[in-house]
Amino acid sequence: MRSLFRSPQVAWHQFSRRPYPGRSIRPFHISSPLAVIKPFLLSDIGEGIKEVQIIQWFVEPEARVEQFDKLCEVQSDKAAVEITSRFDGVIKKLHYEPEDMAQVGQPLCDIDVLSEIEPEDETALGSTNKQAGSPETPQQPQKAAERPQSQSGEANKPLEVSKAPNTRDASSSATPAVRGLLKDLKIDISEVTGTGKDGRVLKEDVQKHASSRSLESAPSSSPIPSQPNSDTAQTENIIPLTPIQSQMFKTMTRSLMIPHFLYTDELNVNALSSLRHHLNTHPSLPDQQKLSYLPFIIKALSLALDNYPILNARVDTETDASRPRLVMRSAHNVGIAMDTPQGLIVPNIKNVNTLSIATIASEVQRLQSLALASKLTPADLTGGTITVSNIGSIGGTYVAPILVSSEVAILGIGKKRVVPAFDEAGNVVKREVMNLSWSADHRVVDGATVARCAEVVRGFVERPEGMIVRLR
Amino acid sequence: MSIAGRFSRLVTSPIKHHVYVSRSSDVALNLSIEHYLFQRSHPASTVLFLYVNKPCIVIGTNQNPWFEVNHALTRRNAASLDSFSQRDEPVPKDEIRVIRRRSGGGTVFHDLGNVNFSVIFPLVDKIVNYKHAEMVVRAIRKTNPRARVNHRHDIVLDPGPLLDESDWPDSHDTRRTAYAFDNGELEPRKISGSAGKASGPRGLHHGTCLLASPNLASISKYLCSPAAPFLVTKAAPSTPSPVANIISQDTPKPTTSMLQQQIIDAFIQMYNIDTTKLSLPHESDTALQNNKHCATGTLDHTLLEIPEIRSGCTEIQSPEWLYEQKREFTLSSHPSNAHPTLPDWFPPSARIHLVIKSGLITSSSISLSRHPSIAASEAVKFNAVLQNTRIIKLDSFRRLLDEGVSVDGAKQRRDIYRVGAWLDWMLLGHEVDVRMANK
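Protein chains in written order, with numbering that gives the first Met the number 0: chain B, 0 to 471; chain E, 0 to 438.
Isolated chain E (complex conformation) (with noise of 0.2 Å):
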């Protein structure tokens, strides 16, 4: 039997505990994987999963992704490359991914510094339990001593002083530790967010462990988008929160296989697992293998030959899923509430208004005059051209608006080309020319 049949034998079996780690690197398949373990995963059985995945960013399920991600800096787009070598930033070798997963919250970073751990394990009354965190936060305690889960589930480490010995807590108790949970400047660190889903009699919790990600600095640019300002969506936000890496000065250098041992010895203690006659999956390849208690094994790409898997990873990673879902929100470049500083290309009279409904663009508003009649029949003009247009099948707005509208005067051609530059760059992520402010 191959490989893929007898994971999923494995994976429907009552066997009570599994343990499983992905040698990918492919958020989409690692996703999938997780998803297929959530639904056909047997019910009372409680799974472990890790994985790392390449540099991404992964959006909650119900987020904007435009709200949420600067999507020039994420794209390379042949024609920004003379902006990006004028900066002194590393420039990210490959394209770094955007994924919406399934599960709630909000946005987070991945490389290959990051640990993901998920935990699929039985309901009670749809309340899904973070308990696990907890056990996360013993294996990490291995390593670094200062880590703790704090009220909202994640997992924090206190960057202050030792305290005084008659204030040390328990040290079986995961919410507290033995140093003070500030310095006066820093706030305690974020080293690992989670989120979860519940779905029937299964839930599931997953999360993230920065360990040592060389990204750290970069991550808050990737994360602020420049469209925000523009954009009013009832969608839910992030919570921002400033992130550390696990390994700092004071600690020794695990790297993320021995983190996720040791995270695996935790899972094997708390529900004091059985694992006779099973090699866990350790720094090499493990086959999967299984005793009564236990089943266990490493994953890879041989399993998308399970149909199911299959056809998740490509829905995950469909332009459609991360921009088309059922949701509302609006782009407008003068919104109601505030004043966003627009680029000084912009043309001052113009004003844009765009209504967008599942990825496509329902309504628009958009005029260059100050006068209201010709602003009205400029609307209609824009309108015509952009009614209904899907914006994930779109190259170019500038393209779109250049060809589409017809005006009269170099000025207003020169305005149409400035508002689909603008354009491009809030919901395309083309990042815009500085030598085009003279055209």
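Same shape as in the complex, but just chain B (with noise of 0.2 Å):
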């Protein structure tokens, strides 16, 4: 006999349509809710932890779940914690892969939400973290032999949000002088992050915080900030970098420590255009593709390094950081910078000395290929020991290249342009130019060497014949 009911709303013949402890009851209606799609957040863990690591999913797309089922397993510092469904529904998207990152109060996964939303089920949905209680509803008397019990009082009583009590004694967390530093800039040492030994909050971290502290009150960050009348105010859109950005801006910034000595020049390209058009013309072998400027100038590169080896070699100062030494490589593996929808990247061609005219020209293609279609592999991506970067397909004159950290010589070539020029009879003629930017290590490398193994490169690239000598 169902005459247990207390809810003032519902009227003894009415009934919920599951027998879930805690369950509101709702009102019997015939029409199926709508589909409606949702993205379900990932609640607060607490202990003011901003971001867990996935460690598996239970579901899949088109997985139906009722509530209380488990979605994933997540690791938040040292504990895996089991986020379970507040609906049910059907699962549409999950927005991470095991292992990823997941923030809190962001999506986890969309749901397909099958069930009525109460009011207070909406704040788990796309919007704030804060979880309201419904005073009304009271909990359901008859109990699912079962379901535990507990999870029945998220969604009835009003409910406080208690963190766990985290009480980083000020003491055992930092010297007497920190704790000076906190009292009198009034801060509580619980809000700090330690950098010191076992998380100890050190004086640095003190004054970081209070700098931090007073920038928080600036314009906020959140993504789309809503603005009636926005002809002054800037907006700003937070985008984290991609992988690729952030590998750019470690490597450029470890790059940037070593002092550069920039050497640029314009070389004569008439005779190696005429060669080129010669070649890509009349080809001398059956198959041999269309050659670019590229390669002849990795050749030239090469040759001239047999001359200053200097240029090819590696600064250590791992080894011994008070006895910084050079390593000489006898392998000349040119890397080249391309420059690929996912961003820079420099893939290299191994033993350029080695290699002929046309082989580089293959191995230009071929990585440019793989390049293109995100398919180069790490063996193609190390152990290059000098760059060039040939900026000049894209456009601009002058570039300073930025060195790769762990080599000692980037050349950095510009685009061919015609320009007008004098001859030995003083006649105005047109000439074909190009500039050739050398940035190198300043600290190993002397301006004389770069100077006069640029002009040995000048040399191959004017006159060509120059490196037929050379042929083995």
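Quick caveat, the hints were computed from the structure, so don't treat them as lab data. Here the structure is a predicted model, which is why all the values come from computation and not from measurement. C-beta: ideal position from N, C-alpha, C; glycine also. Treat the hints with care, as some may be off.
[As the list claims (entries may be wrong)] Straight line, CA to CA, 27 Å or less: simulated BS3-like cross-link-like pairs of lysine-lysine: (1) Lys325/E <-> Lys374/B; (2) Lys53/E <-> Lys291/E; (3) Lys374/B <-> Lys53/E; (4) Lys356/E <-> Lys91/B; (5) Lys49/B <-> Lys220/E; (6) Lys91/B <-> Lys289/B; (7) Lys325/E <-> Lys49/B.
[What the hints assert, rightly or not] Here's a subset of chain B near chain E, in silico, CB distances under 10 Å, partners left out: (8) Ile54; (9) Gln55; (10) Asp76; (11) Ala78; (12) Met256; (13) Thr353; (14) Gly382; (15) Ala420; (16) Ala424.
[What the hints assert, rightly or not] So these bits of chain E aren't anywhere near chain B, every CB distance computed over 12 Å: (17) Arg8; (18) Ile14; (19) Lys53; (20) Gly112; (21) Ser198; (22) Arg201; (23) Ser256; (24) Ser278; (25) Gln288; (26) Pro306; (27) Thr313; (28) Asp394.
Mind assembling these two chains? They're in different frames, but the hints should get you there.
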């Protein structure tokens, strides 16, 4: 006899569709609820934790779930926590792969919610994180035999979001000097991240925290700030760095600690241009591909490196930080900077010193197509000894290329241009020129060496016949 | 009714407090009993479970076993007995097992001088609280007053000199001791690491407690994997900490069962449990018994009669559970971000790169030659043999590659042998024979 219902909203003949403990009693209705796909947010795990790592998923897209079913397991610090569904529905999309870091407050997965969404459940979907309870709906007295009781508390009673007491005692995590500083600045130690041993808070941590605190009152970092009158206000859109950008960020930060010596030269490529044209129209081999300037320049560089091997070396400061040394390398593995849709990538051609210009050209082709398809292997991307940056293929005449930190020299090639010039008789003639810009590590390479090497390269480029006498 | 039957009745009953001690030193059984207690105990109950394991290494649920453990040291491989005896170290009598547990956190070493405690309690808001670490500190302080809980919920010992009386904290404060936390050279020493798990209405917090381990000096060797510099993985790494035993010169010598007794006492005090007419587990075995408020007893392998414990035990010992979780990582002889040192017998022009997912080699790029086009065709040959191989089913990479990859020269034959030997060392834990360098 269903006389145990205590809810004032519901008359005695109405009943809830499912005997879950804690489910509020819904009015009976005939029409099925509309399909509504909502992102299910990762709720607060406590202890101020902002991100967790996904350990494993228990569901996949199109899986049917019921309230309290396990969705996934995440690791927050040292606890493996199972996240359960608050709704009945169908999983539509998973926002993370196993081992990805998931953000608290961000969508974990999309769910096509088939049950009615109670007001208190709305907060778990695509809006704020606060859990507000609704005071009127009481606990359903009928208990389903297997279901545990305590989950019922969540949906029905007004909740106080109680964080675990995080009392990091000042004296166990900071020296008296730091404690004094905290008191002066009126900062609570639990707000400061300690970078000292055992997580201890150091003076620098407190100072950093104090300065960042004053910045926090600056414009908020929400992704879509709503500004009705936006004529003067700046809108900021936070986009995290892509993997290639973050790699570039790290690499460039390292590279710019090296003092760069810049040397630029303008080369007359008339002879090379006509040679190239001739080879491309009358290929000597049946399956020869079209040659660009790049393979010639790469080979010229490699030939010059035979005379100036220091430019193919690398600086070793790790083995003995007080005694840096040069590591000379016999193979010329020339890296070629490439611009792909994902960003800057530098695969290298191995052993250019043993390869012909035709082979170099085919290697360039091979690496370029692999790069565009994002199929470069680690073997292609490691082991480079010197780099050539062909930014001229996009544009620009003078560049100041940045060194790769495991190398001491880099050559940037500008765009080929046609300029007027004077010949020996004083007549104005058309000349095709190209700028070569060199950067070298000035800690180990002096300007004269770069200049001499550049001259050798210029010689081979302006008079390609010079390369013939070096043929093996 | 059998012991197993009575145990499962007690566990699922609404009795509020439970105290169990295992007499088995089998890590797989103990973890399975713990998991059973976690899943089956009444949602409103609080359970204390204590156990001691034979030497083993336990990695967290989200970790990579190749990255965390030196497999060559943990296996007793007949071929490598020579290399073991060359060094002046105590050779372990039994193999040291490697087990993946079900809670998060890092890698720990267990042995008979280490007491494990596990508390299962009702969860509030999915937050695993670590307040039982404070309870264990109260127990330890009976023997060693230097213990305290640190900010990571681990238990550490302050090694420094006794502070001035005016600086002494309140004796109930479990986060501070009367000793300085360093003495210039030593940092606080970790004696207990912990980890947690949350599922539905239940939370679990368990931890180790180094009482008197004879293996302290060797631990770091077991937990330092030679493959680590060559692996790129997103798995959660461990946080290494200097460790110590609770027993030191200025403390009396308790045994593991004494410490267990002290932890039980602290638990009873904390929850004010009425233990009238109950005899708590002490030096000798105690039968399963209970009153209205508390159930207690010693447990052993007879519980394997319970199907869930038996199947959980089988699962946790299986190589699939340890090595074939849904994780992806790469093993590379020349990783892009660093230059780890390769052994001097490694062929200098060889390049190895494997992508491993769920314990399976999903793709490989192995070459011996410097020349790009020869290397490319070599890679195809190697990949044909290696692709989709399950590592746990492999006996020896050396043999697999030797038989599967055809090459012409004797030099290439030798290089293949060495490539295989390196992979055997990295992934199968075969200690490499020094004499092989001359082969």
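Checked hints:
Note on lysine 325/E and lysine 374/B: the hinted pairing holds, with a Cα-Cα distance of about 23 Å set against a maximum of 27 Å. For the hint pairing lysine 53/E with lysine 291/E, the CA-to-CA distance comes to about 35 Å; that exceeds 27 Å, so the pair is violated. Of the supplied pair hints, the one linking lysine 374/B and lysine 53/E is violated, its CA atoms being roughly 48 Å apart against a limit of 27 Å. Restraint check: the Cα-Cα separation between lysine 356/E and lysine 91/B comes to about 25 Å, which is no more than 27 Å; the hinted pair holds.
The straight-line distance between the Cα atoms of lysine 49/B and lysine 220/E is roughly 34 Å, outside the 27 Å bound, and the hint therefore fails. Between lysine 91/B and lysine 289/B, the direct Cα distance comes to roughly 49 Å. Violation of the 27 Å bound is thereby established for this hinted pair. At roughly 24 Å between alpha-carbon atoms, lysine 325/E and lysine 49/B fall within 27 Å of each other, so this suggested pair holds. A distance limit of 10 Å between C-beta atoms decides the matter here; for isoleucine 54/B the minimum to chain E is near 5 Å, and the interface restraint holds.
About 6 Å separates the beta-carbon of glutamine 55/B from the nearest beta-carbon of chain E, less than 10 Å, and the hint is met. Taking 10 Å as the C-beta cut-off, the interface hint given for aspartate 76/B holds, the closest approach to chain E being about 7 Å. A least Cβ separation of about 3 Å between alanine 78/B and chain E falls short of the 10 Å threshold, and the interface hint therefore holds. The interface hint given for methionine 256/B is broken, as the beta carbon of that residue sits about 17 Å from the closest beta carbon of chain E, more than 10 Å.
Annotation: threonine 353/B was flagged as interfacial toward chain E, and the flag holds, the nearest CB pair being 8 Å apart, inside 10 Å. A distance limit of 10 Å between C-beta atoms decides the matter here; for glycine 382/B the minimum to chain E is near 7 Å, and the interface restraint holds. Using the Cβ-Cβ criterion of 10 Å, the hint placing alanine 420/B at the interface with chain E is not satisfied: the shortest such distance is roughly 40 Å. A cut of 10 Å between beta carbons decides the hint on alanine 424/B: the least distance to chain E is about 48 Å, and the hint is violated.
At roughly 16 Å from the closest C-beta of chain B, the C-beta of arginine 8/E stays outside 12 Å, upholding its exclusion from the interface. At the 12 Å boundary, the C-beta of isoleucine 14/E stays outside the reach of chain B, the nearest C-beta of that chain being 16 Å off. Residue-level check passed: lysine 53/E sits 24 Å from the nearest beta carbon of chain B, beyond 12 Å. For glycine 112/E, the shortest C-beta to C-beta distance to chain B comes to about 23 Å, beyond the 12 Å cut-off, and the non-interface label holds.
At roughly 4 Å, the least C-beta separation between serine 198/E and chain B is not larger than 12 Å, which violates its mark as non-interface. For arginine 201/E, the condition that its CB be more than 12 Å from all CB atoms of chain B is violated, with the nearest at approximately 8 Å. Distance check for serine 256/E against chain B: the nearest CB is about 27 Å away, which clears 12 Å, and the non-interface claim stands. The claim that serine 278/E is not at the interface with chain B holds, since no C-beta of that chain comes within 12 Å of its own (minimum 31 Å).
For glutamine 288/E, the condition that its CB be more than 12 Å from all CB atoms of chain B holds, with the nearest at approximately 26 Å. Distance check on proline 306/E: its Cβ is at least 17 Å (rounded) from any Cβ of chain B, clearing the 12 Å threshold; non-interface status holds. With a least CB separation of 20 Å from chain B, threonine 313/E remains clear of the 12 Å interface cut-off, as annotated. Every CB of chain B lies more than 12 Å from the CB of aspartate 394/E, the least distance being 28 Å, so the non-interface label holds.
Violation of the numbered hints given earlier is confined to hints 2, 3, 5, 6, 12, 15, 16, 21, 22; the remaining hints are satisfied by the structure.
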